[in-house]
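A.B. asks: Residue-level listing of the chains:
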Amino acid sequence: MNAHAAAPTEAHGHSGWKTYTAIALILFALTALEVVTYEVHDGSITGAIASFVDPIFILLLVALSAAKFVLVAAFYMHLKNDSRIFSGTFVFPLIIAVVVIVALFTLFTYNRGLQHIF
Amino acid sequence: MTHDAHALHPPTATGLDSRKLAIWIFIGSECLFFASLISTYVIYRGQSTVGPFPNQILEIGLVTIGTALLLFSSFFVVLALNGLQHGKRGQFLSFLGLTILCGLFFVGMQVYEFTSFVHKGLTIHTNLFGASFFTLTGFHGTHVSVGVLWLITLFIQGLRGKLTPEKALNLEIAALYWHFVDVVWIVIFPVVYLMK
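Protein sequences, first through last, are from chains C and W.
Note that this note's numbering numbers the first sequence so that position 5 is 5, with each residue one more than the last.
Note that this note's numbering numbers the second sequence so that position 188 is 188, with each residue one more than the last.
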């Protein structure tokens with residue numbers, strides 16, 4: 001790829017107002033869902049929803065957080081439309097980071113049990 | 001990219017601007033930095049032998065507002081960049097100003113929270129929770145503060161008319177850093193405050 005080939009992607013590859021606004025609203029909704037999930041787990045909200053949320057509380061928060069992370073990286077950081085080199089530069093260390101977190105978590109909880117962590 | 005911009009920054013082997021590649025490499029290294037801090041916090045959770053403990057001291061009310069404002073600041077900064085790239089000075093300056101205000105609120109929220117925790121007996125020396133909590137959120141808060149200062153310098157340049165559409169990459173690089181600070185908080189918020 002040369003400089004002249006890269007230029008149009010960098011100049012025109014970004015999303016517009018509508019996309020940015022839609023992403024902002026989705027991010028706000030996902031944050032609200034996170035807080036509702038917490039309130040259900042905390043016992044502030046009871047009922048049928050509690051029996052659904054409680055067993056998957058951690059999984060639900062991780063999924064919501066991951067969704068927000070991907071939306072910001074893809075649309076606000078423009079990775080969706082920008083050069084793949086930038087995506088690789090970000091995603092490769094991110095994978096190592098996730099592996100580090102999972103490896104350390106596994107290593108230190110092996111003899112303790114999860115109840116000491118969550 | 002205009003002819004002037006090409007004259008300022010000669011073509012590179014990758015065809016990409018070196019400064020933009022540099023900020024992405026920096027962000028990649030920051031991923032590993034925050035991964036180590038988050039791991040430490042999670043591993044030390046539940047290991048404190050003396051209080052205060054997370055469920056006794058952490059409250060999500062104010063932090064949720066701070067989280068929402070940090071998310072909106074990411075929205076505002078992309079609109080500021082959009083405005084600068086299209087030569088809309090009013091849009092650029094107003095949304096950059098809003099981004100800075102959101103950042104300042106977040107830093108203020110964190111200072112208030114830290115102060116109230118110290119008054120409740122939790123310091124960095126109290127227990128493992130205090131040490132890992134203040135280290136993790138303190139480093140994040142420092143990153144937010146640096147981001148706010150960076151954006152303020154660009155805002156001043158914009159007011160003086162020195163930040164033109166040809167130099168939009170200057171704001172784009174700062175915005176990438178700002179978004180990264182936001183995504184780090186997207187991870188910290190549930191890990192620290194919701195899974196307490």
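Don't take every hint at face value.
[Said to hold, decoys possible] Just the calculated beta-carbon pair ranges, DEER-fashion: (1) W/Val-50 <-> C/Ala-63: 28 to 36 Å; (2) W/Ser-116 <-> C/Thr-21: 32 to 40 Å; (3) W/Ile-156 <-> C/Gly-43: 44 to 52 Å.
[Claimed, not checked] Here are the simulated DSS-like cross-link-like pairs (lysine-lysine), alpha carbons at most 30 Å apart as the crow flies: (4) C/Lys-18 <-> W/Lys-162; (5) W/Lys-88 <-> C/Lys-18; (6) W/Lys-167 <-> C/Lys-18; (7) W/Lys-20 <-> C/Lys-80.
Don't read these hints as lab results, they were simulated from the structure.
We put the beta carbon where it would ideally sit given N, CA and C, even for glycine.
A.B. asks: Work down the list of hints and note, for each, if the structure agrees.
C.D. replies: Cross-check of the supplied hints:
Checked against the hint of 28 to 36 Å, the C-beta distance between W/Val-50 and C/Ala-63 comes to roughly 34 Å, which is consistent with it. Take W/Ser-116 and C/Thr-21: their Cβ atoms lie about 35 Å apart, and the range 32 to 40 Å holds. Between W/Ile-156 and C/Gly-43 the Cβ separation comes to about 49 Å, which falls inside the hinted range of 44 to 52 Å. A C-alpha spacing of about 29 Å is found between C/Lys-18 and W/Lys-162, which places the hinted pair at or below 30 Å, so the restraint holds.
Only pairs whose Cα atoms come within 30 Å are accepted, and W/Lys-88 paired with C/Lys-18 is accepted, the gap being roughly 17 Å. Distance hint between W/Lys-167 and C/Lys-18 is fulfilled; the C-alpha atoms sit about 24 Å from each other, no more than 30 Å. With a C-alpha separation of about 16 Å, the suggested pair W/Lys-20 and C/Lys-80 falls inside the 30 Å cut-off, and the hint holds.
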